[in-house]
Amino acid sequence: MIWPALLLSLQVTAVATALLFAAGLPLALLLARLRFRGRVLVETLVLLPLVLPPSVVGYYLLIALGRDSPLVQWFGINLLFTWQGAALAAAVVGLPLMVQAARAAIAEVSSTVENAARTLGASELEVLGRVTLPLARRGILAGLLLGAARAISEFGATLMVAGSIPGRTQTMPLAIYDAVQNRQYDLANQMVLIMTALAFLALWLVRQAEYSQGLSPAAWFRSALFRRRYE
Amino acid sequence: MSEPALRVDIERRIGAFRLQVNLEAWPGVLLLFGPSGAGKTQTLRTIAGLTAPDSGEIWLNGTLLFRRGRPGNPLNVPAWRRRVGYVFQDYALFPHLTVADNIAFGLSNRRSPQAVERVKELVKIYHLEGLERRRPWELSGGQQQRVALARALAPNPQALLLDEPFASLDAELRRELRRELRAFLASASIPVVLVTHDREDALALGDTVQVIDHGQCLAHGDPLRVLGQPGQEPVARLVGVENLLSLRVMERHPLDGTMICAGQGVRLEVPLSNGRGEDTIMVGLRASDIILSPQQMGRSSARNQLAGVVIQVESRPPGYEIALDCGGTILRSRITGAALAEMGIQKGQTLWAVFKASSCFLVEGGPAPAG
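Chains as they are written, first to last, in the working numbering: chain A, 1 to 231; chain B, 1 to 371.
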């Protein structure tokens with residue numbers, strides 16, 4: 001009961017983290033560097049999963065991935081009630097954390113330093129790869145870890161999209177719910193301990209990534225989660 | 001003179017501010033001198049390609065870098081293709097790279113033996129031995145400046161731009177580094193454009209100076225002459241000529257090359273103006289050119305001796321500025337602390353202001369009347 005769920009959780013989180021990076025980094029760059037019409041709208045949409053009930057996010061995903069979606073109609077790809085669907089749900093819920101942290105780190109890179117690279121013969125792509133991203137790497141890493149931590153503990157949206165099929169889509173948080181429902185408290189206790197340890201580890205790594213930048217974890221959490229309120 | 005290596009003729013509007021720069025530079029150091037907000041940094045950024053002007057042309061060694069609103073095809077070579085080195089005001093070193101990697105940043109094929117050799121060479125020239133593995137924040141201000149210079153020069157740029165290279169350093173270090181930078185730049189075979197608002201920097205570093213204010217090019221020429229005895233009123237005010245006197249011409253002595261002029265309560269002998277029969281002129285006189293004496297000097301080569309009452313004694317490190325009221329005309333003289341103590345100068349005392357006719361220089365009224 002524990003091992004299949006744990007392995008599935010790790011598998012889902014690994015894929016979700018890859019998705020977070022692939023989607024989150026370009027989004028963060030876009031929001032940090034470009035002033036375009038509708039920037040605030042895009043930013044709000046990306047942040048929305050942070051405040052919506054996970055069941056609502058799951059419901060949207062259910063519609064987006066359901067029988068009538070282009071994904072099914074045109075490509076014949078059905079993600080509903082698969083572990084891949086669970087990974088997608090986890091990625092969507094983790095995305096705001098990744099984007100906010102990475103965006104802040106990229107925006108903080110001094111434009112003068114980037115200009116210095118340009119005068120030294122670096123093209124825009126080189127400036128990005130040799131100056132901007134290396135300088136923002138701690139914030140990006142912290143965002144990725146935070147997003148991954150959120151992904152591994154995903155419950156609501158995953159339940160809506162992938163259900164809770166033991167051995168197929170039942171990740172740890174869902175398995176814990178099941179165990180408690182079935183009054184298997186020993187099992188639940190073990191899984192709760194494992195989850196707590198994993199979450200602790202992830203946040204500890206976030207702290208490691210961020211602390212060396214001279215920002216306390218608490219201050220960083222505040223800025224990552226509630227940045228828009230202070231602006 | 002031969003073709004200029006760098007030719008800039010650009011115009012740019014930023015809100016109500018209008019930048020209109022027309023300058024030419026040959027190998028050697030050209031100073032852009034002006035107060036902050038005059039458009040000096042904008043000019044450098046435009047040459048480097050970090051901002052685009054509204055119209056104009058920029059040429060470097062016969063290659064067109066920018067053209068808009070002029071006959072011919074418009075062109076804007078991106079910054080990374082211009083081969084123009086830039087030393088930023090705060091140096092803008094890469095904090096994530098070591099000193100050696102900072103210097104090597106602009107070299108193509110950084111792992112090649114040639115690149116490694118070039119970095120070694122620059123480390124030696126700029127006295128950075130032993131610091132190669134350090135990070136920028138572990139360096140002193142002077143060391144950072146040398147790294148920035150070495151980094152900018154590593155890819156052999158065709159021009160070098162320096163923005164206020166001493167702005168973030170304290171006064172003593174400034175003097176030391178000024179001498180050092182002068183030596184580095186003297187060997188440069190490319191045009192160097194250096195921005196400063198500091199008169200001392202300008203006098204110590206430049207072969208030529210271009211004065212800029214309110215986005216407009218004013219005087220241009222030898223720093224000693226342009227900044228020492230500025231011939232235009234706006235420039236004189238800019239460089240802080242302490243005495244600017246409005247005088248009436250009374251007598252002309254073409255044989256002596258002088259003329260006698262009258263101001264409020266004073267008569268002065270000043271160099272002859274260029275023949276035009278104007279009857280009011282403006283004369284500039286540096287405070288450091290006025291000698292103060294407790295009594296009249298008797299016979300001397302100084303043509304001007306005026307008695308006045310001390311109305312102000314002001315500390316202006318490294319000396320003191322004394323204001324004398326000479327029958328309604330205020331003269332400011334700069335003296336050392338030792339002289340002040342020895343003469344026991346106090347307010348209300350009568351002193352003689354002594355200066356040569358040749359210390360006075362004629363100043364043309366600028367396009368904008370002062371006040």
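It is worth saying that the hints were derived from the structure and are not from the lab. It is possible that part of the hints are untrue.
[Stated by the list, open to error] In silico contact screen, one side only, chain A against chain B (beta carbon under 8 Å); selected entries:
1. A116
2. T119
3. A122
4. L133
5. L135
[What the hints assert, rightly or not] To give a feel for the contact side, a few chain B residues facing chain A, derived at Cβ under 8 Å:
6. V84
7. F94
8. H96
9. G106
10. P155
11. E314
12. G327
Note that the coordinates shown come from a computational prediction; the quantities given were computed from them, not determined experimentally. In this text, a Cβ means the ideal position worked out from N, Cα and C, and glycines have one as well.
Structure-based check of each hint:
1. A116: holds, 4 Å
2. T119: The hint holds - A:T119 has a Cβ within 8 Å of chain B, the shortest such distance being about 4 Å.
3. A122: With Cβ-Cβ at 6 Å, under 8 Å, it holds.
4. L133: For A:L133, the interface hint is violated, since the closest Cβ of chain B sits about 10 Å away, which is over 8 Å.
5. L135: Check passed: Cβ of A:L135 comes within 6 Å of chain B, closer than 8 Å.
6. V84: holds, 6 Å
7. F94: holds, 6 Å
8. H96: holds, 5 Å
9. G106: Constraint on B:G106 satisfied, holds at 3 Å.
10. P155: holds, 6 Å
11. E314: Since chain A brings no Cβ nearer than about 38 Å to B:E314, farther than 8 Å, the hint is violated.
12. G327: With a minimum Cβ separation of about 54 Å from chain A (threshold 8 Å), the hint on B:G327 is violated.
In this structure, the earlier hints numbered 4, 11 and 12 are contradicted, and the remaining ones agree with it.
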